[in-house]
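**Q** Protein sequence lines, in the order shown, are assigned to chains A and B.
Going letter by letter, the first sequence gives residues 1 to 247 in this note's numbering.
Going letter by letter, the second sequence gives residues 1 to 284 in this note's numbering.
Heads up, none of these hints are tricks.
Each pair of labels, with its calculated beta carbon distance range:
| id | chain 1 | residue 1 | chain 2 | residue 2 | range |
| --- | --- | --- | --- | --- | --- |
| 1 | A | Pro103 | B | Gln116 | 56 to 64 Å |
| 2 | A | Val217 | B | Ser162 | 42 to 50 Å |
| 3 | B | Cys163 | A | Met155 | 23 to 31 Å |
Result set (SDA-like, lysine to any residue): computed pairs, CA atoms no more than 20 Å apart in a straight line:
| id | chain 1 | residue 1 | chain 2 | residue 2 |
| --- | --- | --- | --- | --- |
| 4 | A | Lys242 | B | Arg167 |
| 5 | A | Lys242 | B | Pro122 |
| 6 | A | Lys194 | A | Arg207 |
| 7 | A | Lys242 | B | Leu124 |
| 8 | A | Lys156 | B | Leu137 |
| 9 | A | Lys156 | B | Thr128 |
| 10 | B | Lys103 | B | Ala64 |
| 11 | A | Lys242 | B | Ser125 |
| 12 | B | Lys257 | B | Glu229 |
| 13 | B | Lys271 | B | Asp227 |
Quick partial rundown of chain A residues pointing at chain B, CB under 7 Å, derived from the structure:
| id | residue |
| --- | --- |
| 14 | Asp142 |
| 15 | Tyr143 |
| 16 | Leu146 |
| 17 | Leu149 |
| 18 | Leu150 |
| 19 | Ala152 |
| 20 | Lys156 |
| 21 | Pro164 |
| 22 | Trp241 |
No lab work stands behind these hints, which were simulated from the structure alone.
Positions of the beta carbon are idealized from the N, C-alpha and C atoms, including for glycine.
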Amino acid sequence: MRSPSRLLLLLFLLFWEGGCRLSGVSPLILPPPSLVLSVFWSHLPLLVSHALTTGAEILGGAILALSVAFPLSLLLFFFPRLEAFLAPLLVASQAIPVFALAPLLILWFGYGPGSKIVMAALIVFFPVVVSFLAGLRDCGDDYEELFRLLGAGRMKTLITLHLPWSLPFLLAGLKAGLSVAAIGAVIGEWVGAKRGLGYLMIQANARLRTDLVFAAVLALTLMGLSLWSAVSCLERRLLRWKGGERS
Amino acid sequence: MKPRPLEPDPGHAGEGKSDGVSAPFHPLLRRVPLKEGTSLLRIRGLTKKFGSAAVLDGFALDVAEGSFTALLGPSGCGKSTLFNVLTGILPSDGGSVFWRGEKRDDLAGLAAYMQQRDLLLPWLSLETNALLPLSLLGRVSSEDRRRVRDLLAAFGLGRHGSCRPCRVSGGMRQRCALVRTLMTGKDLILLDEPLSSLDAVTRLDLQDLLLELRRAYGKTIVMVTHDVEEALRLADEVVLLSPAPMAPVEIVRPSGKGPRPVDDPLWVRTKGRLVASLRREASR
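Only chain A is shown next, with the shape it has when bound in the complex:
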């Protein structure tokens, strides 16, 4: 984390801590960050075991989303006319709140991880399709003409030109999708689950353990940051060629 971000975070925590202590607000309503950190530390094994469940659901959702988004984007790339038919469905998949779909998905896929994976996938899917498709279409006519002149067929052009060209777009979409995928998994766990950070939040909230709810939120935040960093790391490794242009 860069220094200005660290400073901003520190200021925010100080303000929160000071606000709680000076106003005398009950920790049941708003626990100070020191209490949240202390509960986080003391409940670390519990939080980790639930976080593993949520993390697996998010990753499962990402894999499911990618395995549908990848061929669908290629289909739309090769047959642009299909977009007119499929675009409304794609937009609808984002326009309907996951909250509205959650009870139905629980009904269809059960209380286990299946329904949460589908919910996370619904969230990851859209940014991946939109970004990947934009990447596949981005290289421009000049490159396509060059490949045609060099005698490359459509499949060779896809593999040699379009796929590598779209990689930065695909990773950007994945990054955006993964960082919000936790929303889908947690909502699923709220509606019905036996494990996971969402389940833990609901249980803690029912017992007025606001400090534990905040500790679970902190665990979710850390998980989101880790996923973001993992994709950023992958981006740096795969996109080394995107260095600064030399004049």
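With chain A held as given, fit chain B onto it using these hints.
**A** What follows is chain B alone, placed relative to chain A:
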């Protein structure tokens, strides 16, 4: 780095030099004996319309084998469209193209075309970029790799073969694009303003390189340019073109071989005349 002259590779000195000229580096770059005055390409009545607007309307041009032809015309007159139609990127709306006397629809598979941008793939090294014409056809041998390295060295890129395009200058990228164009092994090279985005010094270096290319490999070059000086310095034949529908309005054949000295009085007079003609055509 200034490219070194394209001298024959001593290891291949015995290959294909019956015409008494230096041997090539690569079988793909087989030297075709120059047949001065023989038409490699004849274009007759070529027509291309976009809607009701005719960009080419009965366009005609002869290109002699081994010649360097510069097409000079105002912006938007249809020079790039001509290349796109010739290479088959765009379909023509009429007319004929004769390749060595044989009538054809277009020059697809016969001419190499280098566009204004270098169009290198940013994730590949310069060497892999230069090998693209062969790798796309799935036939890259270790011999090809050695030869492309020789060519890169001849173009002043010997130490940069493993660099990615973002790590080298615009001039180097353009030289790499020229190597890639050469690796297609075609006898006719169509160049669409290949030097327009380069600085003056790099431009002069690459102009010399184009002449070396023609001298060492016997390539026939047709180049679109906006630059009268460049056209007169390099070309055997400068074709001044009218605005769309594009047609040759004047053909200048500067004496001697390029690169021509820019301070020659005749050269200066010809340049002045061509600039005036170009202005007149542009204002039409």
